[in-house]
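Novice: One-letter residues, chain by chain:
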Amino acid sequence: DTGVSQDPRHKITKRGQNVTFRCDPISEHNRLYWYRQTLGQGPEFLTYFQNEAQLEKSRLLSDRFSAERPKGSFSTLEIQRTEQGDSAMYLCASSPLTSGVYNEQFFGPGTRLTVL
Amino acid sequence: QKEVEQDPGPLSVPEGAIVSLNCTYSNSAFQYFMWYRQYSRKGPELLMYTYSSGNKEDGRFTAQVDKSSKYISLFIRDSQPSDSATYLCAMSVRTSYDKVIFGPGTSLSVIP
Numbered sequence: 015d016t017g018v019s020q021d022p023r024h025k026i027t028k029r030g031q032n033v034t035f036r037c038d039p040i041s042e043h044n045r046l047y048w049y050r051q052t053l054g055q056g057p058e059f060l061t062y063f064q065n066e067a068q069l070e071k072s073r074l075l076s077d078r079f080s081a082e083r084p085k086g087s088f089s090t091l092e093i094q095r096t097e098q099g100d101s102a103m104y105l106c107a108s109s110p111l112t113s114g115v116y117n118e119q120f121f122g123p124g125t126r127l128t129v130l
Numbered sequence: 024q025k026e027v028e029q030d031p032g033p034l035s036v037p038e039g040a041i042v043s044l045n046c047t048y049s050n051s052a053f054q055y056f057m058w059y060r061q062y063s064r065k066g067p068e069l070l071m072y073t074y075s076s077g078n079k080e081d082g083r084f085t086a087q088v089d090k091s092s093k094y095i096s097l098f099i100r101d102s103q104p105s106d107s108a109t110y111l112c113a114m115s116v117r118t119s120y121d122k123v124i125f126g127p128g129t130s131l132s133v134i135p
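Going down the list, the sequences are from chains A and B. For the first sequence, position 104 (counting from the first letter as 1) is numbered 118 according to my numbering, and the numbering increases by one without interruption. For the second sequence, position 92 (counting from the first letter as 1) is numbered 115 according to my numbering, and the numbering increases by one without interruption.
Wrong hints could be hidden among the right ones.
[Unchecked claim] From the structure, some residues in chain A lie toward chain B, with a derived Cβ separation under 7 Å:
no.	residue
1	Q55
2	P57
3	F79
4	F88
5	G99
6	D100
7	A102
8	L105
9	Y116
10	G122
11	G124
[Stated by the list, open to error] In silico DSBU-like pairs for lysine-lysine, Cα to Cα no more than 30 Å straight-line:
no.	chain 1	residue 1	chain 2	residue 2
12	B	K25	B	K122
13	B	K122	A	K71
14	B	K65	B	K122
15	A	K85	B	K90
16	A	K71	B	K25
17	B	K25	B	K90
18	B	K65	B	K25
19	B	K25	A	K85
20	A	K25	B	K79
[Claimed, not checked] Chain A is nowhere near these chain B residues, computed Cβ spacing over 12 Å in every case:
no.	residue
21	V42
22	Q61
23	R64
24	S76
25	N78
26	R117
27	S132
Just so you know, the hints here were simulated from the structure itself, not pulled from any lab data. For every residue, glycine included, the Cβ atom is placed at its ideal position computed from N, Cα and C.
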């Protein structure tokens, strides 16, 4: 399977704990995105990388959230001191960087976080 | 007002029916318009995209964009039970990156 993969698929944690999610994009995709999706809503943009550089962060991404893409390949999203409001599906997507054409974002299956 | 509005449904139709899904938006800077399909417990997958105004057809699916009315539609002909999913409209502004703004999605059930 050469699609976007995410790990873990499900995470249950207690309020106040730290959690880390991993995303492996499609090989050679330069761009990597993180989105958050709550029940009955569409995905909301969180942050975006081009190679290892984090180029934009949404106002939704409080200082408890940090994302990295250290070698321009896989990415991690860490949430510190989790709150019940952080419960959501965290989606990762990747896309190529090709000029002159629409660069489709390919989504992974998501990590479902439940904060008790 | 949200940037992208979409009737959440749920929408239930018999197999073979024509389905019409719609979104409105407020940001006139949007230039790329997409429809994603999301099955339960899966990530979204791109169905179609359209640049600027006009129609685009792909098999049983037709996407329409009316930028003057800030209104986009997706039509599904000869709907199948396998089309049962949540359909998300999405849009982006042509910039150096392709941040996508999603609507809340419409849940569709096609009944055999």
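Novice: Now look at each hint and say whether the structure bears it out.
Specialist: Comparing the hints with the structure gives:
1. Q55: Status holds, d = 5 Å.
2. P57: holds (5 Å)
3. F79: violated (17 Å)
4. F88: violated (17 Å)
5. G99: violated (18 Å)
6. D100: violated (19 Å)
7. A102: violated (13 Å)
8. L105: holds (5 Å)
9. Y116: holds (6 Å)
10. G122: Result: holds, 5 Å to nearest chain B Cβ.
11. G124: With Cβ-Cβ at 5 Å, under 7 Å, it holds.
12. B:K25 to B:K122: holds (16 Å)
13. B:K122 to A:K71: Holds, at roughly 11 Å.
14. B:K65 to B:K122: The given pair, whose Cα atoms are some 20 Å apart, holds under the 30 Å limit.
15. A:K85 to B:K90: violated (40 Å)
16. A:K71 to B:K25: Distance ~19 Å between K71 of chain A and K25 of chain B Cα, so the pair holds.
17. B:K25 to B:K90: holds (17 Å)
18. B:K65 to B:K25: holds (25 Å)
19. B:K25 to A:K85: violated (36 Å)
20. A:K25 to B:K79: violated (40 Å)
21. V42: holds (18 Å)
22. Q61: Check fails; 9 Å does not lie beyond 12 Å.
23. R64: Since the minimum Cβ distance to chain A is about 8 Å, R64 of chain B lies within 12 Å and the statement is violated.
24. S76: Answer for S76 of chain B: holds, closest chain A Cβ roughly 15 Å.
25. N78: With a cut-off of 12 Å, N78 of chain B remains clear of chain A, as the shortest Cβ separation is near 17 Å.
26. R117: R117 of chain B is in fact no farther than 12 Å from some Cβ atom of chain A, at 9 Å.
27. S132: holds (15 Å)
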